[in-house]
Amino acid sequence: MSVPAYWYLVLAAALFSIGAVGLLVRRNVLVMFMCVELMLNAANLTFVTFARVLDDIGGQSLVFFVLVVAAAEVVVGLGIIVAIFRRRAGATADDLHVLKG
Amino acid sequence: MRLLASVTAVDAATFVVAGAAVVFGALGVVVSRNPVHSALLLVLTLFGVAVLFVSQDAQFLAAVQVIVYAGAIVVLFLFVIMLLGVDRRENLLAEPLKGQRPLAVALGLATLAEVLLLARVRWDTGARSVAGAASGPGSNVAKLARSLFTTYLLAFEVTGALLVIAVIGAVVLARRPPRPGRQASRTPLPRDAPRWPEAAGPGEPEPAEPAEPVGARRPGP
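Top line first, the protein sequences correspond to chains R and L. Just add 3 to the spot in the first sequence (first one is 1) and you have our numbering. Just add 1 to the spot in the second sequence (first one is 1) and you have our numbering.
Possibly wrong hints are sitting among the right ones.
To be verified - One-sided and incomplete, this derived list gives chain L residues near chain R with beta-carbon spacing under 7 Å: (1) V30; (2) N35; (3) S39; (4) L41; (5) I68; (6) A105; (7) A132; (8) G133; (9) A134; (10) A135; (11) S140; (12) G170; (13) A175.
To be verified - For each label pair, taking beta carbons as the anchor points, the in silico distance ranges come out as: (14) L154/L to D97/R: 17 to 23 Å; (15) D97/R to S130/L: 30 to 36 Å; (16) H100/R to A13/L: 33 to 39 Å; (17) A10/L to R90/R: 54 to 60 Å; (18) V32/L to V13/R: 20 to 26 Å; (19) Y9/R to R147/L: 28 to 34 Å; (20) V131/L to A96/R: 40 to 46 Å; (21) V72/R to L119/L: 19 to 25 Å; (22) E115/L to D97/R: 25 to 31 Å; (23) P179/L to Y9/R: 56 to 62 Å; (24) S136/L to H100/R: 49 to 55 Å; (25) I83/R to A143/L: 49 to 55 Å; (26) V159/L to V13/R: 29 to 35 Å.
Hints are computed from structural coordinates only; laboratory data are not their basis. Yeah, the Cβ is synthetic: ideal placement off N, Cα and C, and Gly gets one too.
Could you put the whole structure together from the sequences, leaning on the hints where they help?
As structure tokens, this is what we get:
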């Protein structure tokens, strides 16, 4: 018998929490982006686990869509980062306060 | 304990090794000071997740995970890191907001506790699957393809449009703003044509804070 679903859910919860804390703590925009990827992977792991437990292929289809959206998000996000860095080198998330009121 | 005894040793070992790789890589992404190390540890995490996909009979997604994430997205990250020259070490001890770190860790622990609590809830509603069974005869790829191309066909088409839009957006964002000098030689644009915001300032867009050193300007070895 395979590993029970609870183990996978605990692992996904840990992965998601690490990603969330990293997103809040780090100031480098690129590392923040990587933390977003960690959180997306945690969600994907949960989806695949439930697809196995509930015997439903729809969970895996949803992971496919999450992958596509993650790829599109990374492309646009990195384009924005490149555009920002072209204007001011070495910018962290704290330096981007032009819109601050 | 009966539950644990029924797990085969191979499955348990796979889970433990892959799970340890996932958690180690994720922690490394967060705490490593060099963005390049973060990206490489992200690859470790993604591989661990791919192994966990395989162990749950999602072979196609595992392959896609390795190809798309490790092969494309992380390479894109590395490209941007090298291109921008931000591979310098970051001082992790500098805390711009007082009390943000403890608050963030507390929030993360609260998230963890909440998700763990929710994971204990009985999730089986007894509703029948609409997308088809994940187990049974036939390969995983065939079942996933049947689901994608019948039940989720519209969503699949929309993702195609999304990818095209993302590519166009990336090209527009990464394009260099037209230089005012060169624009004068090309007559078609009128003087007051709307331009990029960078062109609104005088002359070329300059880095606003030249005092901050970037990796490209490091003294050589």
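Next item in the hint list is A175/L. Is there a CB on chain R closer than 7 Å to its CB? 5 Å, holds
Practice item. Evaluate the given range 33 to 39 Å for the C-beta pair formed by H100/R and A13/L. Key: 49 Å, violated
Exercise. If you take the shortest Cβ to Cβ gap from A105/L to chain R, is it below 7 Å?
Worked result: For A105/L, the interface hint holds, since the closest Cβ of chain R sits about 4 Å away, which is under 7 Å.
ask   = Does the interface hint hold: is A134/L within less than 7 Å of chain R, judged Cβ to Cβ?
value = With Cβ-Cβ at 5 Å, under 7 Å, it holds.
Notebook entry, point to check: Does 56 to 62 Å hold as the CB distance between P179/L and Y9/R, or does it fail?
Noted result: The hinted range 56 to 62 Å holds for P179/L and Y9/R, with Cβ atoms some 57 Å apart.
Q. Is 30 to 36 Å right for how far apart the beta carbons of D97/R and S130/L are?
A. Taking Cβ atoms as reference, D97/R and S130/L lie about 47 Å apart, which means the hint is violated.
Given the hint of 29 to 35 Å, check if V159/L and V13/R actually sit that far apart at their C-beta atoms. Given about 34 Å between the Cβ atoms, the range holds.
Checklist entry - Close enough to count: is the Cβ of S39/L nearer than 7 Å to one in chain R? => result The hint holds - S39/L has a Cβ within 7 Å of chain R, the shortest such distance being about 5 Å.
(Q) Within 28 to 34 Å: is that where the Cβ-Cβ distance between Y9/R and R147/L falls? (A) 30 Å, holds
Looking only at beta-carbon atoms, does the pair S136/L, H100/R fall within the given range of 49 to 55 Å? Given range 49 to 55 Å: holds, Cβ gap about 52 Å.
Quiz item: Hint check: is the beta carbon of A135/L less than 7 Å from a beta carbon of chain R?
Solution: At about 5 Å, which falls below the 7 Å cut-off, the nearest Cβ of chain R leaves the hint on A135/L intact, so it holds.
ask   = Does G170/L meet its interface restraint, that is, does its C-beta lie within less than 7 Å of any C-beta in chain R?
value = 5 Å, holds
When each numbered hint is compared with the structure, violations occur for hints 2, 4, 5, 11, 14, 15, 16 and 25.
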